[in-house]
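Q: All chains should be built: construct the whole structure from the sequences, respecting the hints.
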Amino acid sequence: MIKIKGGQDLFLSFKMRYNLIDDLGKWDIKEAITNCTIGFFDGVHLGHQKLLQELEKKDGTKAIITFDNTMGKELIYTEAKKLSLLSKYDIDEIIIIKTNKLNLNYTYNFFNSFLLKLQIKNIILGEDFHYGKDVLGTTKTLKNDFNVKVLKLSYLDNIKISSTIIRNELKLGNLNQVNKNLGRIYSIEGIVKKGKQIGRTINFPTCNVIPINNLLKLGIYQTITIMDEEMHHSITNIGTRPTIDDNQKVIMETNIFNFNKECYGKRMEVYFISYIREIKKFNSLEELKEQIHKDVIVAKNIKGEI
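Residue numbers are given in this note's numbering: position 222 of the sequence shown equals residue 222, and the series is strictly consecutive.
Hints in this document: simulated from the structure, not taken from any laboratory.
Glycine included, C-beta positions come from ideal geometry on N, C-alpha and C.
Hints are not guaranteed to be accurate.
[Said to hold, decoys possible] Here are the in silico distance ranges between beta carbons for each label pair: (1) Lys193 <-> Lys30: 33 to 43 angstroms; (2) Lys193 <-> Gln119: 42 to 52 angstroms; (3) Lys249 <-> Lys30: 20 to 30 angstroms; (4) Asn158 <-> Lys30: 42 to 52 angstroms; (5) Phe282 <-> Leu102: 48 to 58 angstroms; (6) Asp23 <-> Gln119: 16 to 26 angstroms; (7) Lys193 <-> Asn144: 13 to 23 angstroms; (8) Glu31 <-> Asn144: 21 to 31 angstroms; (9) Met71 <-> Lys140: 24 to 34 angstroms; (10) Asp157 <-> Asp28: 43 to 53 angstroms; (11) His293 <-> Lys133: 55 to 65 angstroms; (12) His293 <-> Val135: 17 to 27 angstroms; (13) Leu20 <-> Lys249: 53 to 63 angstroms; (14) Lys289 <-> Asn260: 16 to 26 angstroms.
[Claimed, not checked] Capping the alpha-carbon separation at 30 angstroms, the derived lysine-lysine pairs in DSS-like fashion look like this: (15) Lys101 <-> Lys133; (16) Lys133 <-> Lys149; (17) Lys261 <-> Lys294; (18) Lys149 <-> Lys57; (19) Lys26 <-> Lys117; (20) Lys289 <-> Lys300; (21) Lys289 <-> Lys266; (22) Lys133 <-> Lys160; (23) Lys249 <-> Lys98; (24) Lys57 <-> Lys193; (25) Lys98 <-> Lys58; (26) Lys88 <-> Lys143; (27) Lys152 <-> Lys58; (28) Lys193 <-> Lys171; (29) Lys73 <-> Lys149; (30) Lys73 <-> Lys180; (31) Lys50 <-> Lys160; (32) Lys50 <-> Lys98; (33) Lys57 <-> Lys140; (34) Lys133 <-> Lys117; (35) Lys98 <-> Lys143; (36) Lys249 <-> Lys294; (37) Lys281 <-> Lys171; (38) Lys88 <-> Lys217; (39) Lys50 <-> Lys133; (40) Lys249 <-> Lys88.
A: Next comes the structure, spelled out in structure tokens:
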């Protein structure tokens, strides 16, 4: 079991080993690895998927070497979600290196010696791969010690697929572009918390997740929600609730259509299909109710599936 920043625990596939490394200089080899790919893999987008699929083809033991989010950078997914996506591939091990100041200060030559200690022979990388202190290491600095296969970058509509671009598109609410780059529908998951239950008073009860890992533009979205392995159409508010209170904490509150079950304490995953509108403050709860009714009509008229 891996303890993930934010208090989440992730159980990886029984077929897979994992190792979390605090200090590369003090880590002892557990078992030899023949093949690997290396990267942060935020989003596990289509470009990353090419690397992982190429790794799956290799004979011998296979590992993904990735990095955690110790330094607190913005993420497309939570660390738990990223590891869950990586664990779906046919590999033997995930090695997670902490991105602390200690590990970031090791030179690329030192990192090469770490890989040699793992007894790695084959490495699969994207052509823009950099590593080591001041990111001076490249695919070329690995080729003296390893058999390195370099894959060309992936493009969509003549634009490079990258985690940076996906983050930017999330902030703009451009879900069509985000979902094409990811090769899947973008989602946020979490445990439903009890809120103020004001939605019940206007006949639009919501399932709330607080806090959330979010890069999405604040607003109202057409969504599809999975709970108890059942799929439901829904609308979701990402943001604050200016009509109800002055609290500036960003939450995710989802109104699931024709849903009357208890949801508190359950895990739900919300898939984002399209952006409907920006958040605004209404003069009364009645005005808010009328607007939500309109939002539901808009959402039901947008084709969306996962």
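Q: A separate judgement is required for each hint: does it hold in the structure or not?
A: Verification of the supplied hints:
1. Lys193 <-> Lys30: 33 to 43 angstroms: holds (38 angstroms)
2. Lys193 <-> Gln119: 42 to 52 angstroms: holds (47 angstroms)
3. Lys249 <-> Lys30: 20 to 30 angstroms: violated (42 angstroms)
4. Asn158 <-> Lys30: 42 to 52 angstroms: For Lys30 against Asn158, whose Cβ atoms are near 43 angstroms apart, the range 42 to 52 angstroms holds.
5. Phe282 <-> Leu102: 48 to 58 angstroms: holds (51 angstroms)
6. Asp23 <-> Gln119: 16 to 26 angstroms: holds (20 angstroms)
7. Lys193 <-> Asn144: 13 to 23 angstroms: Hint violated: Cβ distance 53 angstroms, outside 13 to 23 angstroms.
8. Glu31 <-> Asn144: 21 to 31 angstroms: Distance hint for Glu31, Asn144 holds at roughly 25 angstroms.
9. Met71 <-> Lys140: 24 to 34 angstroms: Since the Cβ atoms of Met71 and Lys140 sit about 26 angstroms apart, the hinted range of 24 to 34 angstroms holds.
10. Asp157 <-> Asp28: 43 to 53 angstroms: holds (46 angstroms)
11. His293 <-> Lys133: 55 to 65 angstroms: holds (57 angstroms)
12. His293 <-> Val135: 17 to 27 angstroms: Check failed, 52 angstroms falls outside 17 to 27 angstroms.
13. Leu20 <-> Lys249: 53 to 63 angstroms: 30 angstroms Cβ-Cβ, so the 53 to 63 angstroms window is violated.
14. Lys289 <-> Asn260: 16 to 26 angstroms: Given range 16 to 26 angstroms: holds, Cβ gap about 18 angstroms.
15. Lys101 <-> Lys133: Status holds; Cα separation ~10 angstroms.
16. Lys133 <-> Lys149: holds (23 angstroms)
17. Lys261 <-> Lys294: Holds, at about 23 angstroms.
18. Lys149 <-> Lys57: holds (13 angstroms)
19. Lys26 <-> Lys117: With a Cα-Cα distance of about 12 angstroms, the restraint between Lys26 and Lys117 holds, given a limit of 30 angstroms.
20. Lys289 <-> Lys300: holds (17 angstroms)
21. Lys289 <-> Lys266: holds (26 angstroms)
22. Lys133 <-> Lys160: holds (25 angstroms)
23. Lys249 <-> Lys98: Measuring from Cα to Cα gives roughly 29 angstroms; hence the hint holds.
24. Lys57 <-> Lys193: violated (43 angstroms)
25. Lys98 <-> Lys58: The given pair, whose Cα atoms are some 27 angstroms apart, holds under the 30 angstroms limit.
26. Lys88 <-> Lys143: Roughly 29 angstroms separates the two Cα atoms, so the pair holds.
27. Lys152 <-> Lys58: Status holds; Cα separation ~18 angstroms.
28. Lys193 <-> Lys171: The hint holds at about 25 angstroms.
29. Lys73 <-> Lys149: holds (29 angstroms)
30. Lys73 <-> Lys180: holds (23 angstroms)
31. Lys50 <-> Lys160: holds (14 angstroms)
32. Lys50 <-> Lys98: With a Cα-Cα distance of about 24 angstroms, the restraint between Lys50 and Lys98 holds, given a limit of 30 angstroms.
33. Lys57 <-> Lys140: holds (23 angstroms)
34. Lys133 <-> Lys117: holds (19 angstroms)
35. Lys98 <-> Lys143: Holds. Lys98 to Lys143 sits at ~25 angstroms (cutoff 30 angstroms).
36. Lys249 <-> Lys294: Satisfied, since the Cα-Cα distance of roughly 25 angstroms is no more than 30 angstroms.
37. Lys281 <-> Lys171: holds (21 angstroms)
38. Lys88 <-> Lys217: holds (29 angstroms)
39. Lys50 <-> Lys133: holds (27 angstroms)
40. Lys249 <-> Lys88: violated (33 angstroms)
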